[in-house]
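Asker: Sequences and hints are given; from them, build the entire structure.
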Amino acid sequence: MKIRIKINGTVRDDDVEPRLLLVHYLREVAGLTGTHIGCETSICGACTVLVNGQAVKSCTVFAVQADGAEIVTIEGLAQGDKLHPLQQAFWDEHGLQCGFCTPGMIIAGHQLLCRNPQPTEEEIRHGLEGNLCRCTGYQHIVKAVGSAAQKMGEQWQVTSDK
Amino acid sequence: MSAKLLGERIKRKEDPRLIQGRSHYVDDLKLDGMLHMVFVRSVYAHARLKSVNVSEALAMPGVVAAWTGKDLKGQLGTIPCAAGMPDLKIPDNPCLAIDEVCYAGQPVAAIVARDRHQARDAADKVEVDYEPLPVIADPEKALEKSSPRVHEQFEDNLAFEAKLEGGDWKAVEADKSLKVIRQRLINQRLVPVAMETRGVIASYAPGEDTLTVWSSTQIPHLLKTQLALMSGMNEARCRVIAPEVGGAFGSKLNVYAEEGVACYASRQLGKPVKWIETRRENMLATTHGRDQINDLEVYVQPDGKVVGLKCRIIADLGAYHQLLTPAIPTLTALMIVGAYNIPNVSVVTQGVFTNKMATDAYRGAGRPEATYIIERAMDLVALDLGLDPADVRFKNFPSPKEFPLTLSTGVTYDTGNYQKTLKKVMQLSGYAKLRREQARLRKKGKYLGIGLSTYVEICAMGPSSRMPAGGWECGVVRVEPTGKVTVLTGTSPHGQGEETTFAQIVAEEFGIPFDDVTVFHGDTSVVPMGIGTFGSRATAVGGTAIYQATQRLKKKRARIAAHKLGVKPGQLAFKDGKLQTADGGKSISFGDVVGEAYFARQLPPGVEPGLTEQSVFEPPNYTYPFGAHVAVSEVDEETGEVRLRNYFAVDDCGRILNPLLVEGQIHGGLAQGIGQALWEECVYDENGQLLTGELMDYAVPKARGFTWFETANTETRTPVNPLGVKGVGEAGTIGSTPAVVNSVVDALRPLGV
Numbered sequence: 000m001k002i003r004i005k006i007n008g009t010v011r012d013d014d015v016e017p018r019l020l021l022v023h024y025l026r027e028v029a030g031l032t033g034t035h036i037g038c039e040t041s042i043c044g045a046c047t048v049l050v051n052g053q054a055v056k057s058c059t060v061f062a063v064q065a066d067g068a069e070i071v072t073i074e075g076l077a078q079g080d081k082l083h084p085l086q087q088a089f090w091d092e093h094g095l096q097c098g099f100c101t102p103g104m105i106i107a108g109h110q111l112l113c114r115n116p117q118p119t120e121e122e123i124r125h126g127l128e129g130n131l132c133r134c135t136g137y138q139h140i141v142k143a144v145g146s147a148a149q150k151m152g153e154q155w156q157v158t159s160d161k
Numbered sequence: 000m001s002a003k004l005l006g007e008r009i010k011r012k013e014d015p016r017l018i019q020g021r022s023h024y025v026d027d028l029k030l031d032g033m034l035h036m037v038f039v040r041s042v043y044a045h046a047r048l049k050s051v052n053v054s055e056a057l058a059m060p061g062v063v064a065a066w067t068g069k070d071l072k073g074q075l076g077t078i079p080c081a082a083g084m085p086d087l088k089i090p091d092n093p094c095l096a097i098d099e100v101c102y103a104g105q106p107v108a109a110i111v112a113r114d115r116h117q118a119r120d121a122a123d124k125v126e127v128d129y130e131p132l133p134v135i136a137d138p139e140k141a142l143e144k145s146s147p148r149v150h151e152q153f154e155d156n157l158a159f160e161a162k163l164e165g166g167d168w169k170a171v172e173a174d175k176s177l178k179v180i181r182q183r184l185i186n187q188r189l190v191p192v193a194m195e196t197r198g199v200i201a202s203y204a205p206g207e208d209t210l211t212v213w214s215s216t217q218i219p220h221l222l223k224t225q226l227a228l229m230s231g232m233n234e235a236r237c238r239v240i241a242p243e244v245g246g247a248f249g250s251k252l253n254v255y256a257e258e259g260v261a262c263y264a265s266r267q268l269g270k271p272v273k274w275i276e277t278r279r280e281n282m283l284a285t286t287h288g289r290d291q292i293n294d295l296e297v298y299v300q301p302d303g304k305v306v307g308l309k310c311r312i313i314a315d316l317g318a319y320h321q322l323l324t325p326a327i328p329t330l331t332a333l334m335i336v337g338a339y340n341i342p343n344v345s346v347v348t349q350g351v352f353t354n355k356m357a358t359d360a361y362r363g364a365g366r367p368e369a370t371y372i373i374e375r376a377m378d379l380v381a382l383d384l385g386l387d388p389a390d391v392r393f394k395n396f397p398s399p400k401e402f403p404l405t406l407s408t409g410v411t412y413d414t415g416n417y418q419k420t421l422k423k424v425m426q427l428s429g430y431a432k433l434r435r436e437q438a439r440l441r442k443k444g445k446y447l448g449i450g451l452s453t454y455v456e457i458c459a460m461g462p463s464s465r466m467p468a469g470g471w472e473c474g475v476v477r478v479e480p481t482g483k484v485t486v487l488t489g490t491s492p493h494g495q496g497e498e499t500t501f502a503q504i505v506a507e508e509f510g511i512p513f514d515d516v517t518v519f520h521g522d523t524s525v526v527p528m529g530i531g532t533f534g535s536r537a538t539a540v541g542g543t544a545i546y547q548a549t550q551r552l553k554k555k556r557a558r559i560a561a562h563k564l565g566v567k568p569g570q571l572a573f574k575d576g577k578l579q580t581a582d583g584g585k586s587i588s589f590g591d592v593v594g595e596a597y598f599a600r601q602l603p604p605g606v607e608p609g610l611t612e613q614s615v616f617e618p619p620n621y622t623y624p625f626g627a628h629v630a631v632s633e634v635d636e637e638t639g640e641v642r643l644r645n646y647f648a649v650d651d652c653g654r655i656l657n658p659l660l661v662e663g664q665i666h667g668g669l670a671q672g673i674g675q676a677l678w679e680e681c682v683y684d685e686n687g688q689l690l691t692g693e694l695m696d697y698a699v700p701k702a703r704g705f706t707w708f709e710t711a712n713t714e715t716r717t718p719v720n721p722l723g724v725k726g727v728g729e730a731g732t733i734g735s736t737p738a739v740v741n742s743v744v745d746a747l748r749p750l751g752v
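As given, the protein sequences belong to chains W and R, one line each in that order. If you read the first sequence in numbering that gives the first Met the number 0, its first letter stands for residue 0, the second for the next number, and so on. If you read the second sequence in numbering that gives the first Met the number 0, its first letter stands for residue 0, the second for the next number, and so on.
Hints in this document: simulated from the structure, not taken from any laboratory.
DSS-like mimics (lysine-lysine), calculated; alpha carbons at most 30 Å apart, straight line:
no. : chain 1 : residue 1 : chain 2 : residue 2
1   : R       : Lys124    : R       : Lys270
2   : W       : Lys142    : R       : Lys423
3   : R       : Lys419    : R       : Lys304
4   : R       : Lys419    : R       : Lys3
5   : R       : Lys162    : R       : Lys394
6   : W       : Lys150    : R       : Lys12
7   : W       : Lys142    : R       : Lys10
8   : R       : Lys178    : R       : Lys419
9   : R       : Lys3      : W       : Lys150
10  : R       : Lys3      : W       : Lys81
11  : W       : Lys150    : R       : Lys10
12  : W       : Lys81     : R       : Lys12
13  : W       : Lys150    : W       : Lys81
14  : W       : Lys1      : R       : Lys29
15  : R       : Lys394    : R       : Lys304
16  : R       : Lys422    : R       : Lys304
17  : R       : Lys49     : R       : Lys144
18  : R       : Lys12     : W       : Lys142
19  : R       : Lys553    : R       : Lys483
20  : W       : Lys5      : R       : Lys29
21  : W       : Lys81     : R       : Lys29
22  : R       : Lys309    : R       : Lys88
23  : R       : Lys574    : R       : Lys553
24  : R       : Lys3      : W       : Lys142
25  : R       : Lys432    : R       : Lys304
26  : R       : Lys574    : R       : Lys483
27  : R       : Lys574    : R       : Lys3
28  : W       : Lys81     : R       : Lys483
29  : R       : Lys309    : R       : Lys169
30  : R       : Lys10     : W       : Lys81
31  : R       : Lys585    : R       : Lys567
32  : W       : Lys142    : R       : Lys422
33  : R       : Lys432    : W       : Lys142
If you want the ones that stay clear, here's a sample from chain W, every Cβ over 10 Å from chain R, calculated:
no. : residue
34  : Arg3
35  : Asn51
36  : Arg114
37  : Pro116
38  : Ser146
Just so you know, even glycine gets a beta-carbon here, dropped at the ideal spot from N, CA and C.
Answerer: Okay, structure coming up:
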C-alpha cells in the first residue's frame, strides 16, 4: 500500500506491506534506527515516537495507519547542533546507562511535559510508567525530566510544530 | 592545562550519540546481501525428537536454507561450559537439539530467508514430531531417586555436590549453651531482562576466509575463541565486535547456540546472517538468575554472637550448563558469612538438573543469594534473642583493624570498616526515630517495618588462579602523532560508562585534556586481548591495566624528553603541558616529545620509536566492597500491599573515580534487588512450561514502584590495585533484597510472622 508520512520534517512516499509495523517502517524503510524494539507487546516503550504530537508505541501501530501523519523520532528532536532540553537534561543528570530505552524515554518525557509543564516527582513517575529502564533505577531519569521542565518554559518548540 | 578529574562528577562521553539515537546496536546494522535467521524452538520441556522436517519450510518464498540438529552434528561444536569442578556432570549441549529436547525453548531448527518476515513465516511450516517424556521442574524433587532424569546419560539429576567447611564443628556441636535457629529460604528464579534482547550478525568472507561476528555480548574476546573452536575456524581469521550493547546484567556473559548457528549459516551461505532475539525468546532462552533453596542453621550464643553457620544449598541449574552455570552457586558458599567473622561454617551445595532454561550469572551472581541467607540469619537471631538487628550486626562485625581478614570460608577480605557504614546509614535514616515511629504506629494497628542489610561482596574478578578462563585484563594507551590519546580496553562496557572513567584516569595521570582521550572497546581486531565486563571488574582490573600502561608511558615520555634536554629523567616534572626542570630552565612541550617519539631521530639508546604501551593487570586478590542499607516499608492492613516508603543506602566501593556514575550504578542495582524482593519471579509450571513468558507476565519494576533513594558513601581503599577501587556494579542488587524483605517481615512482626 502507498503511504505518505512526514518524518522529522521530511515527507516520504513509500509502498509498504499492510502488515508492516510502524517501528519496522521507521527502522528498516526510513533507516531511522534510533527508535528501538524492546518487547513487541507495547510494554517496554523503547519504540515510543510522536505521531501528530502524541507519544505512540510504534510497535503496536501499522505503518499504513500512520499514512498522512507527522512523526517525530529521537533523531528529530534536536535543532541542528542544539540538543533538546530533555536530551541535555538526560546527559547532565546521568539519566541513561546502556541507552537502549533512552529514545523512548525522552519522547515519553516530552509528551509528559507537553501535558504538564511543571510536574511533581510523583507525576513524572506516573507519566513514565509505560517505559521500562533496567539500568538506572529511574531516579536520574526522573531528575532529568524535572530539570528539563524547569529549563524548558516557553523557549522550546517541538520540531513538528515548526 | 588539565583539571582534576578523578573523584569528580564528570558527564559521560558516551551520551551524545545515545540521546540522539545515533548509536548502533546489533539490530541497527545492515550489511549488503544480509540474510535473516529465525529459530524453531521446542514447545515441550522434555521430549524425544522423532523427526524434524524442514522441507515445506524450504519451499516457502524467500527461504535460502534450513537446518536441523542432525544437519549440524559434527559440523558445529557444542556450547561450552567453562566451570571446572571435580565430578561435574556435563551434558552435551548441541546448538540445535539432535535426538532430545530438555527444556521448553530449546532450538530445534534454524531457518534463513531474505527477510525476517519470510523466515518467520517459514518457521511455522517446520514439522516437528515430539514424543513427550516425563518432566521434572522442581529441583528438590529432582534429587529423589524415583524422579524422571533430565539426561538419560547420567544416573541421577545431581550435576555436582560441593562441600565447604571451616572451623571446629565438634566443639560447636558439643557446646550446649548455643541456640540453634533453623530456617528455609527460597531465592526465586529471575529473568535478567536487558532492554536490548540478544542479537548476532555473522559475516563470512569466502575469498579472505575471515569471519566477522557482531554480537550483543559482554565478552567479545572469549566469544571469539569459543566461536572459532566451535566452527573449526582458525581463530586468527575470526573477529568479534560488541557494538553498542543495551544492557546485559550477566545474561550476555555467555556463548549461545544462536551465535554458533549464525556462524555456521554464514560460512555455508557466504553471506552475512542476522538473528535478533524476540522478547519471548529472551524470556525463554536467555539465561536466568538465582533459583536456590537454602536450608540454614545458625548457632548463636545467648549474647547474640554467631559462632556457626550451616547451610544446604539446592541450586536449580536448569537442563544444560551454559558458560558459568555450575560456578554461580559456589560463589554463594564462598560469601555465606557475609560481613561477620563467623568462625565455623559448613555449606553443602547441590547443583541440580531440571527441565528448564539454564541459570547463570545475573547481577550479583551467587552473592545476592549469600547475602540474603546471612542477612535473614542476622534478623532471625535478633528476633529470637529479642535484640535490635543493628546490635546483632555490630556484635558480629570484625574490627577494621583485623583486615586483611581470612575467614572460615577460606577467603581473605582486603579492607573493611563495617561499623562505619552501619553507623552512617543509621544516622542518614534516623534509625532510632524510625523505631519510635514504628512503636507508635503499632499501637494504632499500622504496620511499618524497618529492614537492615549490611552486606559484603566479592568483586573485581579476579585472580586468574580462581577464575575459569583468566581474570586479568588488558589495557593499551597510545599517544598518536598529533598528541591525541587512544585507549583500548579488553573490558566490554554496556552502560557502565568506562569510556568516561578510563579517559578520566588517563587524562589526569597524563596531565592532558579529558577531551583528548578516546576509549575504544569491544572489537577483537582493535583491542589485542581481553576478558570482558562482569563481576564488578571493569575499573578495578581493566582500569588498573590502563593506569599501569599510562605509568609506563609517562616514564618513556620522561626518558625521551630528558635525552633531548640533556638532563636525567628524574629531574623533569610535567606541568602546564610541558616537561620541565624544577627551576623551569629547561623544558620541552608534550607535543615536541610526541614528535621526537615518532620522528625517532634522536631517541635515547634502547628506546623504541612511538609512544604506546600495553599492560595486562593480574589482580593478586579479589576486592570486597561493602555497605549498609535501611529499607522502610508499610504494609497495608487491609490488602497486604507493600509500599516501600524510604530507602537509604551507604555503600563503600573503595575509592570513587566518578561519583555521578557510582550513584547510577547503585540506583540501578537497588532497583533490581528491590524488584526481586517485591515483584519479580520467573515461574514455570510442573510441566516445565514458562508462565512468565512476556513482559506482560513478568514484573520488571517501573518508575512508580520506587521511592527516592537516599544514598551516601564511605571510601575504604583497597591495596589490591594501585587505584584503590573495589567495584560497584552489583552492590545495590546484593544489598537491597534482604533489606526490603527484612523490612516487610519486621512490619508484620506483631502478627507473629
